[in-house]
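Listed below are the residues making up each chain.
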Amino acid sequence: MFSYHLDLALRSFRRSPALTALMVLAIGLGIGASMTTLTVFHVLSGDPLPGRSEHLYYVQLDASELGGAPPGVEPNEQLTRFDAEALLRERRGERQAMMTGGTVAVQPPRPDGTPFFANARYTSADFFAMFETPWRYGHGWDAGDEAAGARVAVISDELNQKLFDGADSTGRVLHAGEHDLRIVGVLAPWRPVPHYYDLISGRYAKAEDVYVPITTALAAKLPITGSLACWGTGSPPDPRAVNAPCAWLQYWVQLPTPAAVAPYRQYLVDHSERQRAAGRFERPSNPRLRNVMERLAFKHVVPGDVHLQLWLAFGFLLVCLTNTVGLLLAKCMRRSPEIAVRRALGATRRAIFGQFLVEAGAIGIVGGVLGLGLALLGLWGVRQNPASYAQLAWLDAPMLVTTLALALVASLAAGLLPAWRACQVAPALQLKSQ
Amino acid sequence: MDIRPILSTLRRHKTAAALIVLEVALSCAIVSNAVFVIGHRLQRMDAPTGVAETELLHLRVHDTARHDNTDALTRRDLALLRALPGVKNATVLNQVPFGTGSTDLGVNLAFEQPAPTIQATAWLAGSQALETLGVRVVEGRGFLPEEVQPASVLGGAASPGVPAVILDRQTAQRLFPGRSAVGQHLFAFGSAPIPVVGVVERLAQPQPNEPRAEYTLMVPLQLDYNDGNYLLRVDAAQREHLLAAAVDTLQRADSRRIVTEQHTLEAMRHEYYRQDRWMAAVLVAVCVALLVVTAFGIVGLASFWVQQRTRMIGVRRALGASRRQILRYFQTENFLLTSIGIVLGMVAAYGVNHLLMSFYELPRLPWLCLPVGALTLWVLGQVAVLGPARRAAALPPVVVMRGA
Chain Y
10 MFSYHLDLAL RSFRRSPALT ALMVLAIGLG IGASMTTLTV FHVLSGDPLP
60 GRSEHLYYVQ LDASELGGAP PGVEPNEQLT RFDAEALLRE RRGERQAMMT
110 GGTVAVQPPR PDGTPFFANA RYTSADFFAM FETPWRYGHG WDAGDEAAGA
160 RVAVISDELN QKLFDGADST GRVLHAGEHD LRIVGVLAPW RPVPHYYDLI
210 SGRYAKAEDV YVPITTALAA KLPITGSLAC WGTGSPPDPR AVNAPCAWLQ
260 YWVQLPTPAA VAPYRQYLVD HSERQRAAGR FERPSNPRLR NVMERLAFKH
310 VVPGDVHLQL WLAFGFLLVC LTNTVGLLLA KCMRRSPEIA VRRALGATRR
360 AIFGQFLVEA GAIGIVGGVL GLGLALLGLW GVRQNPASYA QLAWLDAPML
410 VTTLALALVA SLAAGLLPAW RACQVAPALQ LKSQ
Chain B
33 MDIRPILSTL RRHKTAAALI VLEVALSCAI VSNAVFVIGH RLQRMDAPTG
83 VAETELLHLR VHDTARHDNT DALTRRDLAL LRALPGVKNA TVLNQVPFGT
133 GSTDLGVNLA FEQPAPTIQA TAWLAGSQAL ETLGVRVVEG RGFLPEEVQP
183 ASVLGGAASP GVPAVILDRQ TAQRLFPGRS AVGQHLFAFG SAPIPVVGVV
233 ERLAQPQPNE PRAEYTLMVP LQLDYNDGNY LLRVDAAQRE HLLAAAVDTL
283 QRADSRRIVT EQHTLEAMRH EYYRQDRWMA AVLVAVCVAL LVVTAFGIVG
333 LASFWVQQRT RMIGVRRALG ASRRQILRYF QTENFLLTSI GIVLGMVAAY
383 GVNHLLMSFY ELPRLPWLCL PVGALTLWVL GQVAVLGPAR RAAALPPVVV
433 MRGA
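Each protein sequence line maps, in turn, to chains Y and B. Following the working numbering, the residues of the first sequence are numbered contiguously, the last one being 443. Following the working numbering, the residues of the second sequence are numbered contiguously, the last one being 436.
Accuracy of the hints is not assured; some may be wrong.
Said to hold, decoys possible - Part of the chain B face toward chain Y, derived, beta carbon under 10 Å: (1) R98; (2) N101; (3) L105.
To be verified - Reference listing, derived: stretches of chain B covered by chain Y, where coverage requires no fewer than 3 residues with Cβ under 8 Å from a Cβ of chain Y: (4) 46-59; (5) 308-314; (6) 407-416.
Source of the hints: derived by calculation from the structure; they are not laboratory data. Just so you know, even glycine gets a beta-carbon here, dropped at the ideal spot from N, CA and C.
Could you put the whole structure together from the sequences, leaning on the hints where they help?
See below:
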């Protein structure tokens, strides 16, 4: 039956090629536009660390002064050095890391090499295990190195290619500014999307090239970048000092189970209360604890333009489908005599309905293939766009399947009304009117 | 033209008529909003910065090894840059228009106010900053050379405080409405009141697309090159050549530093608005595709109707209707359907705009966008229906009657 319906559909396409081409084109354009934007959205809004992200929590404490914002509103995005170091020392989570961004001037080992700046991350030992960084050579530093302020570093694969032509460089020296750091590990290529562990230094920024223990970076006064918010009167002489009233460090904690969240939150409240008793905090205790996906949603990480394009494309698809419904209906009504003859010869209503759905589905599949081509073209266009996320816009296997499925479902939905109208055709009336 | 026969015909083709109305309504809603967003983007790309954009060059230099006398080196760099032929002025600033960094601070009118009066973007202006930026002093005076001091003197226990502040006109009017701002005092850095010495015409915040305070103040503090940005005002005709010369000068002055950024301000403006241009282009492309699809939909359904009503057309022609009347019939029918679609589409356009407003910080859809959307679809509908309508009008009555 299906192959007979398909045969009928092909005959009907051959009879009105222009109308068929129009419907295929409409579906193709609609699918192409929606899949382009949906792919960008899918890439940008995905879970950067499936299976682990729900256990990683970003910590915020309300450390600033009483004036200004009313109590209970969103606290500072980052922690002061005092609080971050206190939480890290007490180690109440399964793992924890404090961190900030920075830049280091790298002197290539070749004598003729000109120095260049590399983005750096100053962090604590658990960073690599928490964020599941892939390793090419070596490993991270340990807590002992960190406590001692050891002059060690981990570098990215890209930097390793640039400096050491991709050879195992563990044990060799990285000249950072006027400091010599011993390389203990080299990461495999790593591009977390978004740059979720530090949204301040660029939401879709590349991962850093140099990783240094934060104790070492502070002792060596390596240049720090990122946002710095200070409060109180007068600007502090050294905003990075332990007791400076300035927030500039990000702090992540890994908790083993959802049940561990409430006690950890209570621990943050207790910490805030102690700080207030000691006169450091002025505002009511107001900690925040969000896991990775909650934080990405809270920060509206997916750019507004991407949302806008997604809505626009689906609006466009809707217009294309309305268009297809209209054209299918017109085609169907024009074929009333043919339907009447088939019905008079014994075809059931169900068979007529099926015939027209198969026809709609066939248009959908061809339109879907065209749409896939247009989506690939569209994504190529997106990658020409200047935004930092643009380079990530590639179609993956699930999106490819989604494209074809969407085209089929959309065209079948568009075919429902015409098919229903077709099976309502009264054979006697049509035959008589001829 | 009597529209009653049209209405009675349409009543017999409710579904197809409803589909045309729906398609027009959707197109109208989308196109109106898209036109609005395009206009919004183009408008903000035109926002003036208040500085002499065509004559400015931006450079950043960073140490690769620690230097201890960066304030003195900054003064030497500025002297070297100013000595280049073609360079009119040079200064060092904490932020530059279309750059990445910015400084915001709360401004108070009284000491220890519970909440700041306004949030303003603060320009830490090195020597010759006003002349370099090209902002015009409209009241009071610019900074005196002796007022400009290194930013590093602040913050120490014996901090001398900031001796002067300059506001832009908008900020002066907000802080001191109805009176001259010059001679008034405000609190911004530390606990000492700072006298307002001058008012400049306009100086926009460095990242105009960010939803931030539009208030501006300038203080005479000179950062060193590691924290600041060099800005040069040059003869616009030789700016590319002078950019290379400036880089060369800085590189030659000290090899243990790297020039990390070098742009003309025009290039920075171009780069800053790339995303907006791209978005506008995407919207234009989708609108065009949308209108084409809608037009073909109308052509398709209108052709179908003409075919279906062949007999009716023949009867009317035989009874004396002119070709023009047949043409008018289809045009009026299309006009009616499109109009209903446009009315529904406008309601939908407002609904969509309301959603966009709540999600994406867009202002309300101005009335002006609606006639643009409506006119586009009316024209589109008439153009689309012209072909099928002419074909209908061209049908000779005899053939039609016989064929039926």
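Going down the list of hints, with the structure as the test:
no., hint, result
1, R98, "holds (6 Å)"
2, N101, "violated (16 Å)"
3, L105, "violated (16 Å)"
4, 46-59, "holds (count 8)"
5, 308-314, "holds (count 3)"
6, 407-416, "violated (count 0)"
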